[in-house]
Amino acid sequence: MMMPFILIRKIATIAAASLCTIILQANAAATNGVNAATFHALCAALQLGDGAITIDPPIVSKPKPPTEIYTLNMTLADESWQKTLYKTGKDSEPPTAAQQPQNLHGDWKEKWSTWTTAAIAANTKGMADKIKKEHRLDAADASQLQETSVEISQIADASFDVYSAVANSEETKSDEDIIKELRDALTGDTQTGAVDTDGTKAFTTTGQNYAQACETGTTTAAKTALGALFCLCVVPNSQSNKPCIAEYTHPTWNVAGEPNSGTYASLRKMRQQRHANTISAHKVTAAVEAIENKLTGASSTAMLGEPVATCDGSNNGACIKYQNAAAGDVVEFNKIPWLEKMKTVAQWLKQREQQNAANKLATDEFDRLKRLVSKIATHATRRPKTPQAHVPTSTTNTANSKPQQETDCTKITNPDECKPDAG
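Under mature numbering (1 follows the signal peptide of the UniProt record, and there is no 0), residues -28 to -1, 1 to 395 are what the sequence shown spells out, in order.
Hints are computed from structural coordinates only; laboratory data are not their basis. There could be a bad hint or two in this list.
Said to hold, decoys possible - Calculated cross-link-like contacts (lysine-lysine; reagent style BS3-like; alpha-carbon spacing at most 27 Å):
1. Lys59 / Lys81
2. Lys255 / Lys347
3. Lys307 / Lys347
4. Lys59 / Lys102
5. Lys36 / Lys241
6. Lys266 / Lys241
7. Lys357 / Lys145
8. Lys307 / Lys322
9. Lys342 / Lys152
Kindly produce the complete structure, drawing on both the sequences and the hints.
Here it is, written out as structure tokens:
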């Protein structure tokens, strides 16, 4: 005899199976409200492209090169080294950059342009005295200037590294690029203003019947999120079913084919439009994930809307197919072009966030280094003065931070023989 508990469990299993069968049969046609959840996910995504779009965050500009630090460093550097970087101008003409030697590497190669620019500025008539006076170094003696130059050269090195890191980083996409890519994914209309969307670009071509646009699953059907909304919520001509909102009369598929501006106008009343909008990486990512959660796979086909064998908008189901966007019933999201475009937008926005953070960090670091330069310069005259007899003729090379090498930098033929430490 079957135990009561086992019998109860068996009855419950049979009942559940029967209920699932009834539900599946009931949902075999495009019944009222069956696509409500997917409709709202698509609407939320499409609203991202509405109205006047503001991109969050705005671009934080890259910092300007710390030219003032470079020039001060060069002003205090060993004169013989400076002369390797510029050529004296004829008569009253300003100096010019020295010709760059071949086969430079290391600091010489990386900093040649920075050094020559600073050397020209520092050796233009009257500039060295002016620069020293601006930094209150005009009263410092030779020994005090030499000690100060060692610390300034280290700051110049740090400044160069910080600036190089941000200056050589890839530029982030502009607001215009982001808006175009987003709207291309959503509606196919890439205008960047606040004017109403041209709904006739939802598919690759116009004049399509429901089967061509929604059932065949070609790239024509896969163009935009708006195209998916047409397939889920615009019912075939003469039909009266309401798959997206049970309480709302749905627009019908134009006999001459879609997308049609009149049909889009009716569809837009179901999908409320925003007049202004702010988009961020978080918002775009959330919209993509909400849509991906509604996709199903059947063999090699991905589907959005009712997961049925045939998308006809009425007797079978209101849905859209994406052929070869699934494998073994598992959806391959990257094979749905408009979803990939939305992900690209989210990635661009994340890159902007990261670049903004780097730019701000670099700017803050330059502010700190400038304050440090000011502090060092202010205290220069308070340093103990070394008796002139004990001050070496020159204790440093390029950036005043290493003992000068025996090689005369003004006469080198091999740059390896005279490497600077900083600057």
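Hint check results:
The straight-line distance between the Cα atoms of Lys59 and Lys81 is roughly 18 Å, inside the 27 Å bound, and the hint therefore holds. For the suggested pair Lys255 and Lys347, the alpha carbons sit about 46 Å apart, so the restraint of at most 27 Å is broken. Of the pairs offered as hints, the one joining Lys307 and Lys347 is violated, with about 59 Å between alpha carbons and a cut-off of 27 Å exceeded. The hinted pair formed by Lys59 and Lys102 meets the criterion: a straight-line CA distance of about 21 Å does not exceed 27 Å.
Restraint check for Lys36 and Lys241: the C-alpha separation of about 49 Å exceeds 27 Å, so the hint is violated. Pair hint Lys266 plus Lys241 holds up; C-alpha atoms about 23 Å apart against a cutoff of 27 Å. Of the pairs offered as hints, the one joining Lys357 and Lys145 is violated, with about 54 Å between alpha carbons and a cut-off of 27 Å exceeded. Distance check on the hinted pair: Lys307 and Lys322 sit about 22 Å apart at the alpha-carbon level, within 27 Å; holds.
For the given pair, Lys342 sits about 40 Å from Lys152 by alpha-carbon distance, which is inconsistent with the 27 Å threshold.
When each numbered hint is compared with the structure, violations occur for hints 2, 3, 5, 7, 9.
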